[in-house]
Each structure stands twice: as structure tokens, then as C-alpha cells.
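A.B. asks: Read off the chains here:
There are 2 protein chains.
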Amino acid sequence: MSNPFSTNLDKVAANHMPLTPVGFLPHTAAIFPDRDAVIHGALRYSYQALLDRCEALARALIARGIGAGNTVSIIAPNVPAHLEAHFGVPMTGAVLNSINIRLDAATVGYILDHGECDVLLVDAQFADVASEALGKSERQPLVIDLDDSLGPQGVAIGSMNYEALLAEADPATEIPALTDEWQPMALNYTSGTTGNPKGVVYHHRGAYLNAIGNSFAWGMTPGPTYLWTLPMFHCNGWCFPWTITLQGGTHVCLREVAAEPIIESLAAHQVTHMCGAPIVLSMLASAPDELKAKIPPGLKIMTAGAAPPAAVIAGVESLGAEITHTYGLTEVYGPCVYCAWHEEWNGRPLADRAALKARQGVPYPVLAGLDVIDPETMQPVPTDGETIGEVMFRGNVVMKGYLKNPDATRESLEGGWFHSGDLAVKHPDNYIEIKDRSKDIIISGGENISSIEVEGALYKHESVMAAAVVAKPDDKWGETPCAFIELKQGAEAPSDEDLTSFCREHLAGFKLPKTFVYGELPKTSTGKIQKFLLRERAKAL
Amino acid sequence: MSNPFSTNLDKVAANHMPLTPVGFLPHTAAIFPDRDAVIHGALRYSYQALLDRCEALARALIARGIGAGNTVSIIAPNVPAHLEAHFGVPMTGAVLNSINIRLDAATVGYILDHGECDVLLVDAQFADVASEALGKSERQPLVIDLDDSLGPQGVAIGSMNYEALLAEADPATEIPALTDEWQPMALNYTSGTTGNPKGVVYHHRGAYLNAIGNSFAWGMTPGPTYLWTLPMFHCNGWCFPWTITLQGGTHVCLREVAAEPIIESLAAHQVTHMCGAPIVLSMLASAPDELKAKIPPGLKIMTAGAAPPAAVIAGVESLGAEITHTYGLTEVYGPCVYCAWHEEWNGRPLADRAALKARQGVPYPVLAGLDVIDPETMQPVPTDGETIGEVMFRGNVVMKGYLKNPDATRESLEGGWFHSGDLAVKHPDNYIEIKDRSKDIIISGGENISSIEVEGALYKHESVMAAAVVAKPDDKWGETPCAFIELKQGAEAPSDEDLTSFCREHLAGFKLPKTFVYGELPKTSTGKIQKFLLRERAKAL
Numbered sequence: 001m002s003n004p005f006s007t008n009l010d011k012v013a014a015n016h017m018p019l020t021p022v023g024f025l026p027h028t029a030a031i032f033p034d035r036d037a038v039i040h041g042a043l044r045y046s047y048q049a050l051l052d053r054c055e056a057l058a059r060a061l062i063a064r065g066i067g068a069g070n071t072v073s074i075i076a077p078n079v080p081a082h083l084e085a086h087f088g089v090p091m092t093g094a095v096l097n098s099i100n101i102r103l104d105a106a107t108v109g110y111i112l113d114h115g116e117c118d119v120l121l122v123d124a125q126f127a128d129v130a131s132e133a134l135g136k137s138e139r140q141p142l143v144i145d146l147d148d149s150l151g152p153q154g155v156a157i158g159s160m161n162y163e164a165l166l167a168e169a170d171p172a173t174e175i176p177a178l179t180d181e182w183q184p185m186a187l188n189y190t191s192g193t194t195g196n197p198k199g200v201v202y203h204h205r206g207a208y209l210n211a212i213g214n215s216f217a218w219g220m221t222p223g224p225t226y227l228w229t230l231p232m233f234h235c236n237g238w239c240f241p242w243t244i245t246l247q248g249g250t251h252v253c254l255r256e257v258a259a260e261p262i263i264e265s266l267a268a269h270q271v272t273h274m275c276g277a278p279i280v281l282s283m284l285a286s287a288p289d290e291l292k293a294k295i296p297p298g299l300k301i302m303t304a305g306a307a308p309p310a311a312v313i314a315g316v317e318s319l320g321a322e323i324t325h326t327y328g329l330t331e332v333y334g335p336c337v338y339c340a341w342h343e344e345w346n347g348r349p350l351a352d353r354a355a356l357k358a359r360q361g362v363p364y365p366v367l368a369g370l371d372v373i374d375p376e377t378m379q380p381v382p383t384d385g386e387t388i389g390e391v392m393f394r395g396n397v398v399m400k401g402y403l404k405n406p407d408a409t410r411e412s413l414e415g416g417w418f419h420s421g422d423l424a425v426k427h428p429d430n431y432i433e434i435k436d437r438s439k440d441i442i443i444s445g446g447e448n449i450s451s452i453e454v455e456g457a458l459y460k461h462e463s464v465m466a467a468a469v470v471a472k473p474d475d476k477w478g479e480t481p482c483a484f485i486e487l488k489q490g491a492e493a494p495s496d497e498d499l500t501s502f503c504r505e506h507l508a509g510f511k512l513p514k515t516f517v518y519g520e521l522p523k524t525s526t527g528k529i530q531k532f533l534l535r536e537r538a539k540a541l
Numbered sequence: 001m002s003n004p005f006s007t008n009l010d011k012v013a014a015n016h017m018p019l020t021p022v023g024f025l026p027h028t029a030a031i032f033p034d035r036d037a038v039i040h041g042a043l044r045y046s047y048q049a050l051l052d053r054c055e056a057l058a059r060a061l062i063a064r065g066i067g068a069g070n071t072v073s074i075i076a077p078n079v080p081a082h083l084e085a086h087f088g089v090p091m092t093g094a095v096l097n098s099i100n101i102r103l104d105a106a107t108v109g110y111i112l113d114h115g116e117c118d119v120l121l122v123d124a125q126f127a128d129v130a131s132e133a134l135g136k137s138e139r140q141p142l143v144i145d146l147d148d149s150l151g152p153q154g155v156a157i158g159s160m161n162y163e164a165l166l167a168e169a170d171p172a173t174e175i176p177a178l179t180d181e182w183q184p185m186a187l188n189y190t191s192g193t194t195g196n197p198k199g200v201v202y203h204h205r206g207a208y209l210n211a212i213g214n215s216f217a218w219g220m221t222p223g224p225t226y227l228w229t230l231p232m233f234h235c236n237g238w239c240f241p242w243t244i245t246l247q248g249g250t251h252v253c254l255r256e257v258a259a260e261p262i263i264e265s266l267a268a269h270q271v272t273h274m275c276g277a278p279i280v281l282s283m284l285a286s287a288p289d290e291l292k293a294k295i296p297p298g299l300k301i302m303t304a305g306a307a308p309p310a311a312v313i314a315g316v317e318s319l320g321a322e323i324t325h326t327y328g329l330t331e332v333y334g335p336c337v338y339c340a341w342h343e344e345w346n347g348r349p350l351a352d353r354a355a356l357k358a359r360q361g362v363p364y365p366v367l368a369g370l371d372v373i374d375p376e377t378m379q380p381v382p383t384d385g386e387t388i389g390e391v392m393f394r395g396n397v398v399m400k401g402y403l404k405n406p407d408a409t410r411e412s413l414e415g416g417w418f419h420s421g422d423l424a425v426k427h428p429d430n431y432i433e434i435k436d437r438s439k440d441i442i443i444s445g446g447e448n449i450s451s452i453e454v455e456g457a458l459y460k461h462e463s464v465m466a467a468a469v470v471a472k473p474d475d476k477w478g479e480t481p482c483a484f485i486e487l488k489q490g491a492e493a494p495s496d497e498d499l500t501s502f503c504r505e506h507l508a509g510f511k512l513p514k515t516f517v518y519g520e521l522p523k524t525s526t527g528k529i530q531k532f533l534l535r536e537r538a539k540a541l
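Residue numbers (the numbering used here), protein chains in the order written: chain A, 1 to 541; chain B, 1 to 541.
It should be emphasised that the hints constitute simulated quantities derived from the structure, not laboratory data.
Treat the hints with care, since some could be wrong.
[To be verified] Mimicking DMTMM-like on lysine to aspartate or glutamate, the simulated pairs with C-alpha atoms at most 20 Å apart in a straight line are:
| id | chain 1 | residue 1 | chain 2 | residue 2 |
| --- | --- | --- | --- | --- |
| 1 | A | K523 | A | D475 |
| 2 | B | K439 | B | D498 |
| 3 | A | K11 | B | E411 |
| 4 | B | K11 | A | D440 |
| 5 | A | K11 | B | D180 |
| 6 | B | K528 | B | E505 |
| 7 | B | K11 | A | E414 |
| 8 | B | K11 | A | E163 |
| 9 | B | K11 | A | E322 |
| 10 | A | K523 | A | E414 |
| 11 | B | K11 | A | E181 |
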């Protein structure tokens, strides 16, 4: 049915343009050309210089035949070239593949093959692993050495270095305009504790929107100074290369994530914002007092990856910092759920505030849908804070899919929702709270037991430093909870009876661990406890 | 050419969703259901209530057959129903047509016909003009009376009142999901000083993006309290119904824009943000001291429509308020250009700061392109602060086009840019500064003379209250500048010789007015000087 609104009101060049976060850079460079864009040790350069360098990267790559359909991979810590790749690579139309620097050579080699790497940028610190990975790979990418003045010197595995590549750029080389916001722009591999990692594909529209979403969730105002504690290989630094550039902020780079370099950088540049997993918060909270005294007042910290424990929240907030808890996965461009804070919660006691803040919360405004759903019936669970379902996402900040994996793509996006594999409840105020990963849930006598809930009870014991609870196969119950406990320094292990009765104060009987094991817990290099190893140990007990 | 990134990574329900600002309401209502959404005199209701009421409006309209392809018009001041229409109407798929309350009945009748009005919501204050307009119109819309408790009572021209319409809503009526972000959602008529007004059509994508753009340009943080001084009929209140809802803010409604009710509302609700033309700023600056003392500290004011004069900026900032100067037109969703402020400008003397702030500035991040272009060659002017060109816009916050006016649409969007008709220069720092409307420029002996520049010189004279300069036809020069001047109370008119030599200190010789006329200047009800009337007078001199 034709009506006057559906005729002669078409999309034309003047009124329709693909959304892309790459455009934030020329936008900010035009307004604040002289403002510091990047600080890295003694190096400091402006937004005009950053734009010039990113365009040089794009032009040099284009001249070497890189464009739509190509993949440019990078293995590097949070150095300026890594930030530049977030603009220069998608400017060409190619896909940026930022590789986890903690992976072994075999996995990196797999990623180079699977992602069809055409160009590989390598920081000298990772020259060895990259060399070995290239040896195992069938790809023969152009390898470029990133000569970071603050990194190891005199290591070169590539055919040229990064500055030489940039110097090749001919200003006459045209940078193509993006024609489709659905075009892929990034490829990020999930960590995949078992099996090969999956390649998550992002598009320009989603990255544009989640960069904006970060800004809203954090209540960010123009001109932040942002410290790069969060790895850029992690969901493209949770989209912050684009968010900070959108806000005309200063990117403070950092090679090493440890208390002293973090705090010295915070102080030297009067940093206003930083991100990190709870382990990074713990680093700050447990730093020596004379270091902690240097933390600039009003520092805003976004955390995700796990709910921050109450003691950590208290510790960090006592430093005058403010924590925003967010939640997401690689498949949803990093965080796109946040624990939106209510003013009236400020008056509550710390334990209450910590419990409220530990909840994952509500969707970013750019996320169309977030719900906790029974994956069998696809019906939302009641908002009772008790019924467990699977966290599901829908909207423009959900990935295109998994590269060369149509089955996994279809399964994960089935029924109009992205199935996260995380198990949660929905509270009466619509805030979601993660209870477990699907694979971490313990099913004992037909009852679901949240390993996180049992761990929470154990963490309350004064001797417990860290706790991880996994399923132990059991002939009678199917599974029972098995607790692995790392004690505080100097603390003695309580007896099983004592610890059981301690837990009984906090847990229903069927949730009580049947087995306690003491010792250091196996952790990934990001500080995540490796539950799959503990499950194997529990099985062998 | 097929590659792995272009296969099996398709748009599906989980990962692709039309952008619409209507979604900000359920989003905020889910997070802050109990927060005050609307304050209107003694009336106050929450986000949950606002959502319920907007959905009721949508359902009642849908049940009456309203949906995509229909038009719902409204003539009302800034009352709660006007805000609700900004969500409830587009929820149905229909277009919201908010009509300027200052128009005469003939023009309103024209708009009802041209916009193909199906439903008309009328505030009692405008019952007479609406009645008369309906009499002149060929449309027979469903007419709904808005019974505002703070408006005139006992006037009814419709078939039912608004609350009765809402009461009709059946919760079972399904509100359709938007399937296309390019779908029209609003129809706003330009003021058109001559001839019939043109109907500018907005789509959901553009309104979503400009609502976000407002937030960035203003550095807005969550939870503002916003006073509705800016008419909602003006470019949908510059998209602020959606911006404030996105930010979970409180909408403080206001029927009358005058110093006392504004300041009393600011004080009563500790308002944080308001918008208005410079005339509204002048109202505040020239209010009695005891009233001014009530203005809450840190009030943020966005102004557009004309560059705020230095004295007004000084007056308002001395009240502790902060002014953000923006610029736009109906065709670009209201403001989408802003004078982004540089910290280092704060140290400059007031005159410098006022001159910097009077510039229109730089694009919102959601506007893809803004430039000053020679309309003949379509080449950008140099950034010399001197060469005049036409301001042009491109991107997603440019209108779909003019309704039922393909010629005007094509002309205005020709060459990949929206041609604004405003003439400006581009400064070396990329900030644009409007010099005139195309039709206001004076061409004398082949030289362009900016009427704004000549007016600026006249405004510096101590006796001048207001000045408007237009072209007077001249046999020798083609045109010469003719100055119409309104004197300050009690001031005497200077001699033409004295005023000419005063102007010579500020203007090049060829720009000097050749004619001076004293008397009150004709103004629109929004305070804009009606230059077309002055041009007629100048011609008749």
C-alpha cells in the first residue's frame, strides 16, 4: 500500500551513511587536533598525529593489497601501534584480529590459519611465540615488527618494522569509504578452555554502538584520561579504543599490568578512567600504602569478567575510587550489561552495597534485549531472584557469528537470542545476577547447585583466600559439590566438620560440599581459576 | 568474490534490530521504574507510569486503526501528553506531527491537509485555532481534547478527551515491533517565511542517533532534571524527549515560557539542564535579582537559533550557569553542530570567550559530515575564517526529505549534501561561523556583505537595542545595506553621519549602511526579527 511517506523519500548520499567507530578518530582530530591522544612512557602525541599515523598505516596496507576480505593480526601488549591498528586496519576494509598474548604457539598458529592471516604485527616480547606459531601455520603473512622503545630491543622476525611500513604510505593512496555497516571489522577468538577457540566476527555497526554504550554506562563526560590496563586483545579492549577516541580522551598505554606501573601511571597522568578484571582491583587494594596514596581521587574503574568480591569493592572504594560493574562476553563486543547504580543505594551498609554491585545488572541502552530464559521452553524465568535460567542477548551488539562455523553460529543465535551459556537469576528489580556457567553448575539429586553460591559461603570463612567448587561424580547423587580451597598465608586448614557447619549457616543442606581439598588453585595468566582442571582432579579423587 | 567473512554470517533476529529512540523508554522504565519521569505542577509520575501511559496511547490508537502510514498531529504546549505522544505515536508505526502553536488557523489547516492528519490532539488553549483550522481543512481527523489541569478549563472541541482515549486501551492489543529503522516517525513543518511550509520527514534511525548526539555534545551524565522551556513542536524539542529518557532524567513540563515560571520551576525542582533560544537566555539575565538568586548553581543551558550575544553570555554565566551553543535546522533533527569548548579558552577575557562561543562550531559525533562549501563548484572553502560558503550537512541525521515535494527534496540533497541555505566561514581550527542566511546576504557592487557582520557593528553602539540590516535595491550598486534600528529606552537616535563614522571603525567602507531607519522591529512570536518585512519596507523607501 503506497502512501506519501513511502515515496520520494529515499536513501541518498546526503542522508544515509554506514555507522563505523573508525569515524570517531577524524571527528575528534578535527575538533581537538592538538590534544594529547597517546601517552606511552616519554612518548606523547596529538590527535592530529594519531590520525596521520592511522591513515599512514591504512595507506601502506592498501598499497600492499590489503582491503575487504583480508585479515591483519596483531600480537602485542597495550602499545600505541595496537591502538593505531584499531583504526588503521578497519580503514582499509580489512578485519583486525587481535590475538591473546598469553596463548601458546600452537593455538596462535591455529588462529593464523583459521583467521586466514595476511599481515601479522608482532611486538618483540612475543617474537618467539609468533615465530613458532608461524612455523606451525600454513599461512605466510607479511610479518611486521613493532619496535616499541619500552619493549625488548634487537629482536626482529619480520620483513620490516612498523615505522618503515608507515613510511611507505603515499598520501595519494585513497582510503575507501565504508559502504556497508554490516561489513566485518574485527575477529576475536574465544578463550575456549577445551577444543579449538572460535572466531567471533564483529561488524562496524555493532562496534560503533557498543563504543557509545560504554560511554552511557559509565556516565562518561568529554576528555577522559584512560589508562590501558585492560588488554586490547580482549574484545578489542571492550571497544574502548573507540569510546575514548569518541570522547576526545587521552590513551595512556601500558606494557605491564602490575600494581606499581599502574599506580605510577595513574599518578603521573592524573588518570580518570581505567578498566580491569577484579584481579586488577585486588592489585590496587593490596598495594603498599605509600603507593596507594598516589592514586588520583575520583578514579573511575570499570570491572567485568567476574563479580567483584565485597572486600575488593570496599578496599578499592576506600581509595576514593568508584567501581562500575559490567558484564559481557566476546560474542557481545565485551561488556554490554551494567549494574546501573541507584543513588538511594549509597546509604546502605557496605555488605548490602557490595551485594547490589556484584549483580551484573541491566542492558546498555544500545543492547535491544537481555533476559534470563529457560533454554528448553525459551520462556523468561520469573523475576524472583531464585529461578535459574540462561542469560540471553539480542540486538546490534551481538556478533555476526563464528567464522567458518555455521553450526555453532546457528546454535548460538537460535530462537532470536544469543545463548551465552551463563546461568543467572532475575531479581524483582529486573537486575540479573550470574549464578554459574552452564558447564559449572552442579546437579545433585536432581537439584541445581550454583558453584558460585557455595564459593560465596566459603569465601566468608576467615581462613579462606580463594575457593573453587566443582562437581564430583557420585553414584548416589549423580554429582556432589567438591571444594578446592587456597588458605590465607599462615592460616591453618579448618577441620571438614568445622567448615561444613560454618557453611551450613549460609547454605541449604543439599548444597554443602561433601569433599574439601586444600592447596594452591590452578589459575590462567589472567587470574581466572581453571575449573576444568579441578573437575579432572575431583573425578580422580 | 566470496571469502569466509562473507558467508554464513548473516543478519538474524538475534543480531540485528532497527534503531529507534522509542526503545529508550522501556529501557529506562526497566532500570528505574520508580524514578520521577514527569513533573507538571503538582502532578508527578514515574517511568513505569510513563511507559504504561505511552503504551496505552499506542494501544488505543492501534485499536482505532492507526499505524504505519497514518499521521497523528498535536497542537499543545509542553504538557505531559505532548511528551507521551513522542513515544506512544511512533510505537504504533504512525508519524507524529507536532504543530507550531504560534501558527494561524490557515497555516494549521494547510498542515492538516498536507500532512494527511488522521488524529488531532488539541490542548484547550489552542481549541479556537484548531477549530478554525479544521473548518478550513478537508481532513476529518479524530479530534482528542487534552485536558490539562493547568490549562484553560471547560473547552472541548473533540469527540473525546485524552484520558478517555487512554482508558480505551486493551492490554491485549499488540504493539508491533519496528521492522525498518528508515521508517518515518515524525513530520515537522519548517516555518517558511514565504509560501507554504515544507514538511520535513524524520526516521527512527536519525532520531535515535541525534538523541545520542545531544547527550555527547552536552557532556550529559545519567539522571538529569530537564526543564521543558524549548517547545516540543520545534524539531521534536530538538530530540530531547528521547535524550532525557535515554539518560533516565526527569522531564519538568512548563506551559508558559516567561522569566518567573521558568525560574520558579528551576528552583523548585533543582533543574540541571534546559534549552532555549537566546531570547530565553535574555529573559533569565534580565530577571529581577531576587528571582535570579533562585537559579540553581551549575545550571546547564543549551542554546541555538541564533548566536548568543556577548552581553547575554556574560549575564547568564554570571548567574553560575554554563552555556553550550549549538546549531541546526529542522532538516537535521534540530541541533547537530555544537561549539565544543576547549578548556584553555576559559582563561580568555569575556569578549574573546563570547566571540569563541558565538561560533556554531563542529559536528556532533553522529553527524558524518559538516562543511562550508561553494554551492557552484561543490568545493569546500578554505579554513581562513573569511571565505563565505554555504553550510552543508551529510549523514544519518539529515532528513529523509520533504513530504510530497520531490523537487525540493532533490534540490536540497543534491550532490551528496544537504544544502542549508546558511552562509558561513570556516575558521583555521575547523569551527564554522554563520554569517548569514543565503537570502539575507547583501550583494553590493558584486561584493558579498554579511548582514550579521553589519548588525554586529551596530549592536556595539550604546544607543542600539536591536538592529537588522537588509538589502535595499540600488540602481548603481545593485543592492546597498539598509539598517533598521530599535533604540534603547530613553536613548536618542544618533545622526546618520555619527552612526556611519561609528560603523567605519568596525567595517570596511563598502559594508557601511547607506540608509538608517529607526523604530520598533517586526518580530515573530519566538522573537526572531522578520527580515522579509524589512526587505519590503526597504524596497518601498
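A.B. asks: Compare the structure with each hint and give your call.
C.D. replies: Here is what the structure says about each hint:
no.: 1; hint: A:K523 with A:D475; result: violated (29 Å)
no.: 2; hint: B:K439 with B:D498; result: violated (29 Å)
no.: 3; hint: A:K11 with B:E411; result: holds (14 Å)
no.: 4; hint: B:K11 with A:D440; result: violated (31 Å)
no.: 5; hint: A:K11 with B:D180; result: holds (13 Å)
no.: 6; hint: B:K528 with B:E505; result: violated (28 Å)
no.: 7; hint: B:K11 with A:E414; result: holds (12 Å)
no.: 8; hint: B:K11 with A:E163; result: violated (39 Å)
no.: 9; hint: B:K11 with A:E322; result: violated (38 Å)
no.: 10; hint: A:K523 with A:E414; result: violated (33 Å)
no.: 11; hint: B:K11 with A:E181; result: holds (12 Å)
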